[in-house]
Amino acid sequence: MSKDQLIKSNFKTEEYFINMGPQHPATHGVLRLILTIDGEIIRNVEPDLGYIHRSIEKMCERDSYQQIVHLTDRMDYLSSHINNEAVCLVVEKGLEIEVPERVKVIRTIIAELTRIASHCLWWGVMGMDVGALTTYFYAFRDREMINDIFEETCGARLTMNYNIPGGLMFDIHPNFVKRVKDFITHFKTKIPEYDRLLTGNVIFQKRTKGIGVLTKEDAISFGASGPVARGSGVSCDIRKIHSYSAYDKVNFNEVLFSEGDSLSRYKVRIQELWESLSIVEQLIDNIPEGDIKIQTKAVIKLPKGEYYQRVETARGELGVYVNSTGTKNPYRLKFRSPGFSNLSVLNKIAKGSKIGDLVAIMATIDIVVPDIDR
Amino acid sequence: MTNQEIQHIITSWSDKLEFSEEESEFLNVTVPKEELYTICKQLKADTNLKFDYLFCLTGIDWGEELGVIYHLESTTFRHNIVVKVKTADRENPMVDTVSDIWYTAEFHEMEVFDFFGIKFNNHPNLKRLFLPEDWEGYPLRKDYVDEINMVIK
Numbered sequence: 000m001s002k003d004q005l006i007k008s009n010f011k012t013e014e015y016f017i018n019m020g021p022q023h024p025a026t027h028g029v030l031r032l033i034l035t036i037d038g039e040i041i042r043n044v045e046p047d048l049g050y051i052h053r054s055i056e057k058m059c060e061r062d063s064y065q066q067i068v069h070l071t072d073r074m075d076y077l078s079s080h081i082n083n084e085a086v087c088l089v090v091e092k093g094l095e096i097e098v099p100e101r102v103k104v105i106r107t108i109i110a111e112l113t114r115i116a117s118h119c120l121w122w123g124v125m126g127m128d129v130g131a132l133t134t135y136f137y138a139f140r141d142r143e144m145i146n147d148i149f150e151e152t153c154g155a156r157l158t159m160n161y162n163i164p165g166g167l168m169f170d171i172h173p174n175f176v177k178r179v180k181d182f183i184t185h186f187k188t189k190i191p192e193y194d195r196l197l198t199g200n201v202i203f204q205k206r207t208k209g210i211g212v213l214t215k216e217d218a219i220s221f222g223a224s225g226p227v228a229r230g231s232g233v234s235c236d237i238r239k240i241h242s243y244s245a246y247d248k249v250n251f252n253e254v255l256f257s258e259g260d261s262l263s264r265y266k267v268r269i270q271e272l273w274e275s276l277s278i279v280e281q282l283i284d285n286i287p288e289g290d291i292k293i294q295t296k297a298v299i300k301l302p303k304g305e306y307y308q309r310v311e312t313a314r315g316e317l318g319v320y321v322n323s324t325g326t327k328n329p330y331r332l333k334f335r336s337p338g339f340s341n342l343s344v345l346n347k348i349a350k351g352s353k354i355g356d357l358v359a360i361m362a363t364i365d366i367v368v369p370d371i372d373r
Numbered sequence: 000m001t002n003q004e005i006q007h008i009i010t011s012w013s014d015k016l017e018f019s020e021e022e023s024e025f026l027n028v029t030v031p032k033e034e035l036y037t038i039c040k041q042l043k044a045d046t047n048l049k050f051d052y053l054f055c056l057t058g059i060d061w062g063e064e065l066g067v068i069y070h071l072e073s074t075t076f077r078h079n080i081v082v083k084v085k086t087a088d089r090e091n092p093m094v095d096t097v098s099d100i101w102y103t104a105e106f107h108e109m110e111v112f113d114f115f116g117i118k119f120n121n122h123p124n125l126k127r128l129f130l131p132e133d134w135e136g137y138p139l140r141k142d143y144v145d146e147i148n149m150v151i152k
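Residue numbers (numbering that gives the first Met the number 0), protein chains in the order written: chain A, 0 to 373; chain B, 0 to 152.
Check each hint, because a few of them may be wrong.
Derived DMTMM-like pairs: lysine to aspartate or glutamate, alpha-carbon spacing no greater than 20 Å straight-line [claimed, not checked]:
| id | chain 1 | residue 1 | chain 2 | residue 2 |
| --- | --- | --- | --- | --- |
| 1 | A | LYS347 | B | GLU24 |
| 2 | B | LYS126 | A | GLU45 |
| 3 | A | LYS57 | B | ASP45 |
| 4 | A | LYS300 | B | ASP145 |
| 5 | A | LYS239 | B | GLU24 |
| 6 | A | LYS327 | B | GLU22 |
| 7 | B | LYS141 | A | ASP62 |
Everything labelled a hint here was simulated from the structure, so no lab data went into it.
Looking at chain A on its own, in the form it has when it is part of the complex:
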């Protein structure tokens, strides 16, 4: 009798349920996972959602288009500017207006800074989830600089509300260009530091390499997008495929890794920091002069029809579907949020791994619960 068989015949195992969350620190918000486990091994993961569902889609049917922009901040609060942009773009599409070049460039710069800030926070928390507390402080130090820039220009640090249908709420602050350049110089020295601190760490590599493998076919079928899909080699960057704002004027690479494990999802985000920095760098010296908005009517009525806009947030593809009957409110408005689809891969890739690995896998999926619950 082999050793395994001997253990099996003498020690009876049985499956049982445990709850992870809704207040578990590793779930990054109020998400409850119902785990079926056999000892340490996960047999099934079932997410239980709705703890902070605010029925944003229902509220949108009541609100005017200008008001809807403000609700989207509260979905994926780490990509708030990009969410705002999605709604503004869909309204502009419906009204058939083209915003000035200046607006497009400023929107793109702030969107990329938002992506850097979001990835910074993710990196800090990722380290913490696998037991390295220092990363959190390093990441927040750098993210703070971006938040300060936002505070000065947009008036808020997190939920910026800087976009309005037709342009921007106000012009950039006189210090904006200088501070962004300072940040670029500063951050270029910090990403290698991130790599030295965490990426090359042996313990970290062991926690992530070969863990939670998502195949390319599954990634597409589960509708995964953003770094989660790109870590499995799926080309899905909306900035490239369905370009919007000023992304067609800049050179950047879509970061792709083919392994599909936690480490490759991690590497995609680290590499995206460089790409985002490069986009900001290309645009910051070439902000065109011009108006910062096109005056729209006080009451926006979209012509009858259906409109769809896709943007790339820090987490993946955000889609806004608007069905208008020609009134001042949308008849139906749906947000296709990246986190919702990305979460659905969890059961597939976490099955068979250990509980400790689940935390690392969740960290690389980078979920934001308000984005899932909407």
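Following the hints, complete the assembly by docking chain B onto the known chain A.
Just chain B, lined up with the frame of chain A:
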């Protein structure tokens, strides 16, 4: 592939399809609900179409009818199509699931069931996703009565 070419391929599958490109940036095809599953399966399997990415699944209440809208894209060819299915039965609306064709539909269909009450045949795990089990009614339906302003204040 252009919308005309896509339409040309799909037209031969069934004579009950309605195509429309008005008031939308995509090619829209309205499918009778009995044929939804087979059409969807073909959309993914056809070597010239390969619609393998379901990027949005929306439930909608058109007043008289309830419906589901599927936004599809091919990751190979990057062309899009929008499939629509309608049901006039508001008491017991039933549509076939597509969750075995595109896995992402499993979660999205649960969301549609939660807010519109549309049941999906053969769905592996159909239940309320966000709302509690004992919630009455389906809040995103247009005839939903929100007596205590629970949903909208």
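Do the hints match the structure? See the list:
Simply put, LYS347/A and GLU24/B have alpha-carbon atoms about 34 Å apart, too far for the 20 Å limit, and the pair is violated. Under the criterion of a C-alpha separation no larger than 20 Å, the hint pairing LYS126/B with GLU45/A is consistent with the structure, at around 12 Å. At most 20 Å may separate the alpha-carbon atoms for a hinted pair to count; LYS57/A and ASP45/B exceed this at roughly 37 Å. Proposed proximity of LYS300/A and ASP145/B is contradicted: the alpha carbons are some 26 Å apart, above 20 Å.
Taken as a hint, the LYS239/A and GLU24/B pair is honoured in the structure, with Cα atoms around 19 Å apart against an allowance of 20 Å. With a CA separation close to 17 Å, the supplied pair LYS327/A and GLU22/B stays within the 20 Å bound. As the CA atoms of LYS141/B and ASP62/A are separated by approximately 15 Å, the hinted pair is consistent with the 20 Å bound.
Checked against the numbered hints given earlier, the structure breaks hints 1, 3 and 4 and satisfies all the rest.
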